[in-house]
Amino acid sequence: MRRTITGFSNPTIKFLRSLREKKHRKASGKFLAEGLRLLTDARSSGHLPEMLMMATRRDPHPLIDALEADVVAAGGEVLEMGADLLAKVTGKDNPQAVAGVFAEFDTGLEQIRRGSAKIWLVAQALRDPGNLGTMLRTGDAVGAGGLILLDDCADPFSVEAVRASMGAVFTQQIALAKWDEFLPWLRGGEGQLVAASLRDSVDYRGAAYTAPCFLLIGNESRGLPEDYEMACDSRVTIPMKGRADSLNAAVAAAVLAYEALAALG
1488 MRRTITGFSN PTIKFLRSLR EKKHRKASGK FLAEGLRLLT DARSSGHLPE
1538 MLMMATRRDP HPLIDALEAD VVAAGGEVLE MGADLLAKVT GKDNPQAVAG
1588 VFAEFDTGLE QIRRGSAKIW LVAQALRDPG NLGTMLRTGD AVGAGGLILL
1638 DDCADPFSVE AVRASMGAVF TQQIALAKWD EFLPWLRGGE GQLVAASLRD
1688 SVDYRGAAYT APCFLLIGNE SRGLPEDYEM ACDSRVTIPM KGRADSLNAA
1738 VAAAVLAYEA LAALG
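Counting from 1488, one number per residue, gives the positions in the sequence shown under this note's numbering.
Keep in mind that the hints were calculated from the coordinates and are not lab data. Fair warning: this is a prediction, and the values are worked out from it, not measured in the lab. Misleading hints may appear alongside valid ones.
Cross-link-like lysine-lysine pairs, in silico, DSS-like; alpha carbons within 25 Å at most [what the hints assert, rightly or not]:
#	residue 1	residue 2
1	Lys-1665	Lys-1509
2	Lys-1501	Lys-1513
3	Lys-1517	Lys-1728
4	Lys-1575	Lys-1517
5	Lys-1579	Lys-1513
6	Lys-1513	Lys-1575
7	Lys-1605	Lys-1665
8	Lys-1605	Lys-1517
9	Lys-1501	Lys-1605
10	Lys-1575	Lys-1501
11	Lys-1605	Lys-1510
12	Lys-1513	Lys-1728
13	Lys-1575	Lys-1509
14	Lys-1501	Lys-1517
15	Lys-1509	Lys-1579
16	Lys-1575	Lys-1510
17	Lys-1579	Lys-1728
Assemble the whole structure, with the sequences as input and the hints as a guide.
Below, the structure is given as structure tokens:
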């Protein structure tokens, strides 16, 4: 189905704008993604938007045509609107020509197939959506299975996290859990838990990594709780040569992920 929207007070515009807030995303089970590259990556990963929004004045592009055709064929809805309305939906002054509404994915631990990848990223109380999206992007780059978010983390389906993931939100499995759910699940099967830590740790380049390896990164400012660290199989540290005493959480995850990738092959 195709239709054109012209008014700011249109109920559909109000619904789309509401998806920028977590409570409305959770209530509807939907999230926003913006940009042709991101939506094309979603399509190639088997994910089509339920609603496709397109600017009425846009440059023709075969990928847009293909995306539109697939959405219509799947029974989705195509909405055309002016750039000013699209800006209201996405919250950007200069929005890209296309955006989409997707159904949120199953984020239960039970859908994680640990043996499907050698590396998994795990983040505890990660608060910055940009860091979260970057960790998803890193996971995709190293061939990780996905990202497991522990305790009170930022929403992986926020506009900011989805944008920062550069499409990896569609290629990486995402699970949400509490620590006391995650640890028994992990110990119920194969899996090495490696924490980024300063407590009784070894240099990350000299650690023994075994697959499947779960790399655990803590909160941006507080790091990991002590009892979490002590429950890990290994604790590793990244040497700091300058005056800074720590790396950005997403950067630390990337450094450890590439070292584990090199070790595990």
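Against the structure, the hints:
1. Lys-1665 / Lys-1509: holds (19 Å)
2. Lys-1501 / Lys-1513: Roughly 16 Å between the alpha carbons, so the hint for Lys-1501 and Lys-1513 holds.
3. Lys-1517 / Lys-1728: Given pair Lys-1517, Lys-1728 is violated - Cα atoms ~44 Å apart, limit 25 Å.
4. Lys-1575 / Lys-1517: With a Cα-Cα distance of about 17 Å, the restraint between Lys-1575 and Lys-1517 holds, given a limit of 25 Å.
5. Lys-1579 / Lys-1513: holds (22 Å)
6. Lys-1513 / Lys-1575: holds (20 Å)
7. Lys-1605 / Lys-1665: Satisfied, since the Cα-Cα distance of roughly 23 Å is no more than 25 Å.
8. Lys-1605 / Lys-1517: Violated. Lys-1605 to Lys-1517 sits at ~30 Å, over the 25 Å cutoff.
9. Lys-1501 / Lys-1605: With a Cα-Cα distance of about 43 Å, the restraint between Lys-1501 and Lys-1605 is violated, given a limit of 25 Å.
10. Lys-1575 / Lys-1501: holds (9 Å)
11. Lys-1605 / Lys-1510: Outside the cut-off at roughly 34 Å; violated.
12. Lys-1513 / Lys-1728: violated (43 Å)
13. Lys-1575 / Lys-1509: OK: Lys-1575 and Lys-1509 at ~17 Å, within 25 Å.
14. Lys-1501 / Lys-1517: Given pair Lys-1501, Lys-1517 holds - Cα atoms ~14 Å apart, limit 25 Å.
15. Lys-1509 / Lys-1579: holds (18 Å)
16. Lys-1575 / Lys-1510: This hinted pair holds, its Cα atoms lying about 18 Å apart.
17. Lys-1579 / Lys-1728: violated (39 Å)
Comparing the model with each earlier hint shows violations of hints 3, 8, 9, 11, 12, 17; every other hint is respected.
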